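Position 93, counted from 1, in the sequence shown is what the numbering used here calls 93; the numbers after and before it change by one each time, with no gaps.
It is worth saying that the hints were derived from the structure and are not from the lab.
Being a predicted model, the structure only gives us computed values, none of them experimental.
Fair warning: there could be bad hints in the mix.
As the list claims (entries may be wrong) - Think about it this way: if two alpha-carbon atoms lie no more than 25 Å apart in a straight line, the pair counts; the simulated SDA-like pairs of lysine to any residue are: (1) K20 - E168; (2) K205 - I180; (3) K142 - R118; (4) K68 - Y128; (5) K20 - V140; (6) K205 - Y128; (7) K142 - E168; (8) K20 - Y128; (9) K198 - R136; (10) K68 - E153; (11) K20 - E145; (12) K68 - K20; (13) K198 - T156.
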Amino acid sequence: MGTSTGDTVTDGVAVPDWRKLEATELTPILSAALDAFYETGFHGTSVREIARRVGVTVPALYYHHENKEGLLIALLELSTSDVLSRAHAADADGGDDPVRRLSNVIEAIVLRMTLRARLAALEGESRYLSPDNRQRYRAVRKGVEQLVRSIVEEGTASGVFDVDDPAETTRALLGMCQSIPRWYHSEGTLTPEEVAAKYVDITLKTVGAPSRR
1 MGTSTGDTVT DGVAVPDWRK LEATELTPIL SAALDAFYET GFHGTSVREI
51 ARRVGVTVPA LYYHHENKEG LLIALLELST SDVLSRAHAA DADGGDDPVR
101 RLSNVIEAIV LRMTLRARLA ALEGESRYLS PDNRQRYRAV RKGVEQLVRS
151 IVEEGTASGV FDVDDPAETT RALLGMCQSI PRWYHSEGTL TPEEVAAKYV
201 DITLKTVGAP SRR
């Protein structure tokens, strides 16, 4: 694996500073759609309501996005591609150490789930996508699962991890992370960094690896 620190180049590809998440840059239409979907859900939101929030007509909104589902898929693709690129950057930053690699990737995922909780929570609305769009979304999302599973498998093969079923363990770890937007609130007692540290410790215990502390 290559190594990276900050916005650098790894194996010829620019990678983001995976611990630093700036405010998400969304168009006014996507920003309004995200707020509306978060507050009332995909089915509870009308295109007219989104247009009202933006201050445009419905035809003007349709000029930019084909329909309401088009807004949802645009947000979901932004969300999943962001977490995938950050997970790969975190993995690269771990060198050849499975413990560091897995710790970094889980930390990157949790930081994104907490610092961008609204966008992350939207993934639950993917059940409303049409079959073709759902398949596209799952293909991108599958990349995160494949990355984590590869680390767990390599760590198990080298004797660093003690895991009987890497596939199920991976699904359990990612399911744990994906539940964060359902309970995390920025005004709570834990900072995103503290949540990430706790989840990394849980992850390492789950795979039978020594804690980083």
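We went through each hint and held it up to the structure:
Simply put, K20 and E168 have alpha-carbon atoms about 30 Å apart, too far for the 25 Å limit, and the pair is violated. Pair hint K205 plus I180 holds up; C-alpha atoms about 19 Å apart against a cutoff of 25 Å. Distance restraint check for K142 and R118: the Cα-Cα separation of roughly 21 Å lies within the 25 Å cut-off, and the hinted pair is therefore satisfied. The hinted pair formed by K68 and Y128 meets the criterion: a straight-line CA distance of about 11 Å does not exceed 25 Å.
Between the alpha carbons of K20 and V140 the distance comes to roughly 22 Å, so the proposed pair stays at or under 25 Å and holds. Restraint check for K205 and Y128: not satisfied, since their Cα atoms lie roughly 35 Å apart, outside the 25 Å limit. Between K142 and E168, the direct Cα distance comes to roughly 14 Å. Compliance with the 25 Å bound is thereby established for this hinted pair. For the given pair, K20 sits about 31 Å from Y128 by alpha-carbon distance, which is inconsistent with the 25 Å threshold.
The straight-line distance between the Cα atoms of K198 and R136 is roughly 32 Å, outside the 25 Å bound, and the hint therefore fails. Distance restraint check for K68 and E153: the Cα-Cα separation of roughly 40 Å exceeds the 25 Å cut-off, and the hinted pair is therefore not satisfied. Note on K20 and E145: the hinted pairing holds, with a Cα-Cα distance of about 22 Å set against a maximum of 25 Å. Among the hinted pairs, K68 with K20 is inconsistent with the structure: their alpha-carbon atoms are about 31 Å apart, more than 25 Å.
Pair hint K198 plus T156 holds up; C-alpha atoms about 22 Å apart against a cutoff of 25 Å.
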